[in-house]
Amino acid sequence: MEMLILTFTIFVLAIFVGVEIINKVPPTLHTPLMSGTNAISGIVVVGAIISSGAGEHTSGLSTFLGVLGIVLATINIFGGFLVTDRMLQMFKKKKG
Amino acid sequence: MQAFVNFFYLAAAVLFILGIKGMTKPKTAVRGNQLSALGMGLAVLAALLDFHVVSYGTIIIGILAGGAAGVYMARKVQMTSVPEMVALLNGLGGGASLLVAAANYLESQQLSGMGQFDPTVEWSVAVILSILVGAVTLTGSLVAVGKLMGKVDDPKDIRNYKLGVKASFALLFVGTLTLVMGDTLNSGVLLTLMILLCLVLGVCLVMPIGGADMPVVVSLLNSYSGIAGAAAGFVLGNNGLIITGSLVGASGLILTSIMCKAMNRSLVNVLFGGSMAAAAGISKSENDAFYEGKVKFASADEVAMMLETAKRVVFVPGYGLAVAQAQHATRELASLLESAGAKVKYAIHPVAGRMPGHMNVLLAEAEVPYDQLVEMDTINPEFPQTDVAIVLGANDVVNPVAAKDKNSPIYGMPILEVYNARTVIVVKRGLSPGFAGIPNELFIRENTLMVPGDAKKVLQDVIKALREG
Numbered sequence: 001m002e003m004l005i006l007t008f009t010i011f012v013l014a015i016f017v018g019v020e021i022i023n024k025v026p027p028t029l030h031t032p033l034m035s036g037t038n039a040i041s042g043i044v045v046v047g048a049i050i051s052s053g054a055g056e057h058t059s060g061l062s063t064f065l066g067v068l069g070i071v072l073a074t075i076n077i078f079g080g081f082l083v084t085d086r087m088l089q090m091f092k093k094k095k096g
Numbered sequence: 097m098q099a100f101v102n103f104f105y106l107a108a109a110v111l112f113i114l115g116i117k118g119m120t121k122p123k124t125a126v127r128g129n130q131l132s133a134l135g136m137g138l139a140v141l142a143a144l145l146d147f148h149v150v151s152y153g154t155i156i157i158g159i160l161a162g163g164a165a166g167v168y169m170a171r172k173v174q175m176t177s178v179p180e181m182v183a184l185l186n187g188l189g190g191g192a193s194l195l196v197a198a199a200n201y202l203e204s205q206q207l208s209g210m211g212q213f214d215p216t217v218e219w220s221v222a223v224i225l226s227i228l229v230g231a232v233t234l235t236g237s238l239v240a241v242g243k244l245m246g247k248v249d250d251p252k253d254i255r256n257y258k259l260g261v262k263a264s265f266a267l268l269f270v271g272t273l274t275l276v277m278g279d280t281l282n283s284g285v286l287l288t289l290m291i292l293l294c295l296v297l298g299v300c301l302v303m304p305i306g307g308a309d310m311p312v313v314v315s316l317l318n319s320y321s322g323i324a325g326a327a328a329g330f331v332l333g334n335n336g337l338i339i340t341g342s343l344v345g346a347s348g349l350i351l352t353s354i355m356c357k358a359m360n361r362s363l364v365n366v367l368f369g370g371s372m373a374a375a376a377g378i379s380k381s382e383n384d385a386f387y388e389g390k391v392k393f394a395s396a397d398e399v400a401m402m403l404e405t406a407k408r409v410v411f412v413p414g415y416g417l418a419v420a421q422a423q424h425a426t427r428e429l430a431s432l433l434e435s436a437g438a439k440v441k442y443a444i445h446p447v448a449g450r451m452p453g454h455m456n457v458l459l460a461e462a463e464v465p466y467d468q469l470v471e472m473d474t475i476n477p478e479f480p481q482t483d484v485a486i487v488l489g490a491n492d493v494v495n496p497v498a499a500k501d502k503n504s505p506i507y508g509m510p511i512l513e514v515y516n517a518r519t520v521i522v523v524k525r526g527l528s529p530g531f532a533g534i535p536n537e538l539f540i541r542e543n544t545l546m547v548p549g550d551a552k553k554v555l556q557d558v559i560k561a562l563r564e565g
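Chains as they are written, first to last, in my numbering: chain A, 1 to 96; chain B, 97 to 565.
The shape of chain B in the complex, shown without the other chains (with noise of 0.2 Å):
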């Protein structure tokens, strides 16, 4: 019988695999999605077939209540807030793999009461990272839902989170010799205080990076949940824990690497950097003073002229054109251009949005056919045959200041080179920094015209103007 429920586990990694194949394509990645879905309870039938399980009345309430909860929560969450989700799934996915190894540990306790186990090194180590990532992935995770809600600011000063960060890791070191060389069975109120420490280091780990290096920090902790998986494996000697585990670390790690370079960062300056607003930041009167007298202003009615005549548009959405809702404004005036025989297309940063793809997600919800979405190295030479680009919320990710200058902090960082258009539209609400904290020199250009205000709100004014004129 045990050697079928191995089969059977294998059987899901299978599936898994597959089921990630599956995404390669956005034709087959709905049917790659429920064969991972199919996989997933192929592992649930398996592991209440072990031998060891033999009271099912808790697993069921418990497999209800949950079931129920995410079955809410997927259903009731906007788009705009997918990231927010992720996070929180990724933390409680960390928090179950803590509670497995602590709850293993005291099962543990009892067997060796029976003189049926004895704790080996590799045992006592496997239990104690399982913890240290379960634990990190769960307050990391609430810490970065957050600051990506906007609940919680950067701090000024990181310099107690790192000394909390250095503090925990020798502690935590010290703890797990003491664990390993003494009674490892019977450290109960070592190993709460190890569980308690390494919360506390989630924490300390993820409040200093700045909240717009949240997307990093979300595909980081995509990745410990994976890695907290594998570990919680280890401990329980289960193979489709490890393979699935180390699958989904993998896949964290890859978007991890990729957000990383779309910033032209390294990732240990993501996760030990502090915040570039924090570390550059102007003054608000240096700011005025930058585009003091040089802005050219647009109102909705010239812009609606300007597109009219328009051949080639390509759209640049951004963060605030999530924060606006103005994804489904967006399309229709996509549309209208298209109707009037003016050729659409969406420049789309790597970094755009709160997490990887999340501009995708947002457009494909407004029913933008994924095809019109360009990424940022094809788009690029495009833009000088481009009679106007529309510049939705965004701002570091068409800052030219990061091709030229040294000593800025994006310097390095690719950017989408919008000004190379022949007209450029600029839609924010103020002349206010981004994420970075420096003022952004696409604003100034000769070609380049200002539309203050609320992106859905502009995009609306001007939709009527070119259904009226």
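Next up, chain A with everything else stripped away, as it sits in the complex (with noise of 0.2 Å):
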């Protein structure tokens, strides 16, 4: 149970230091904004590698949806670091 406070602690102190930062990016940039954090998260992809990669505790369909999910993150990260890198290197081009 103390972790759990701990971890919620934690949840809900980040959420703060989310709305503070993201509240001062301008509207500009909210579309980057957007495809930057959805690459953030796939941060997720760090459950899926210790899921999968887990030596004696696993089954093959659990290895299976692992490795599943560890696709599905990496997509999610490589596609949206990589856009949003392309939509700023238009933004940076030109500076009025």
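Quick caveat, the hints were computed from the structure, so don't treat them as lab data. Do not take every clue at face value.
Derived list of chain A stretches under chain B, where covered just means 3 residues or more per stretch with a C-beta under 8 Å from a C-beta of chain B [said to hold, decoys possible]: (1) 6-13; (2) 16-25; (3) 58-66; (4) 85-91.
Glycine is no exception: its CB is placed at the ideal position from the N, C-alpha and C atoms.
Since each chain sits alone in its own frame, please combine them into the complex, following the hints.
Right, here's the structure in full:
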């Protein structure tokens, strides 16, 4: 239970940090912000790696699900960061 | 070693925060995005170093396959289709969280068999939440992609979907109780049924929402994909996942609320109010009668003549500009006017385009300097001094009815007050209603001229006429 309260504390604090910094992002950059944070949500790949690579206590099915999770999350990561970069480069080019 | 691994997660989270902070200015944004990517690299490294991980073959194959697909998508996607791509990626992120929760459940069965794991209520709830949010994000996003692409229509009757939502939640509640109270780890069939139910729930939640409201839905699903990650973090007891997931969750929520405010609608109304057009929709004959004999038309040549003498010009791009891929022609005309001494600006409504900030990306692609893109509250006081306002494929966001008709479905929505400009030129393919399903009073105003046709074609004709004249 103590562990739960600790992790929940982290969860709530992180939401506040998120709200604070994201409110400062100008509307011009909202689309890249969204695709960028979307790429960040690919962090779940961490969970997928731990699930699929674990040794003795995996089953065939759990490894399969884990690897499928890795595939989906890495599409998210690579697709998200690269398309964000493509967009941001276009903003960078012109300084007006 | 494990302490070291956790330290890596912390470093990754700090990099994500710094990365998003970089996004607060266009100049630092590229670097910010790179910092986030670096953070992701660290997090993946940390996961690979985790003491649980002993076999690497399948992991590497998975990363290579997913990476290749991701790179391909990011390179190929057209800027007009970015909303669809983001929606799809949201869905995949949700799907990954769902799979992680399911895989962890199976492993916990094995661990429990070895006497190394005892399920707690918190753990069970976290697994179910992770599955719920992940599955809803997955199928909800797929429906959103379909709607954005115009392949999935808004249903006429949304009652069945609403019923589906209620029934799913009721069944899920019963299922959760059964799972937690009963033999948690030997309920594979029940869990599978609940996964299927959550997938159906995602469809039922997004189907009734109108195509026009997809920007809100995409923002919200973005938030869900983060929350799904955080939930997976609770399942695995991984702080890195929790911090990062909640950051993304917060980001999506803020964008959602910005979108809702820009439309003067509550989130509840967007999610459960059904499609505006279906509710308010007028028939074709009513629409025709509204415009009958009151609309003044102009040709490209006449527009060119007007622009020759204009000192201040404001472009008002809408979704129609994106559909016609007219951003480059717009930029070309703007440059031409600027070289003739006119001041050119672009008025960007917060919900222009198909996702927050989409119009800015399209114009940036056409190399429009971002300091010429002006937000609604800044540009509205400038319209009275504007000689010509050119509306390109925008409709509801310039409809003056929003300010005065209490019965209008868009009443109270902040609009771009283009009608204050000396002359308004509306380039539009026809007089069909916009997303809100109502006729636009702007089009019959004294100072409005309609130029029927595809935005790109019309602009090119105007450019040609200006060059020749």
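Give me the numbers of the hints this structure contradicts, sorted from smallest to largest. Of the numbered hints, all hold.
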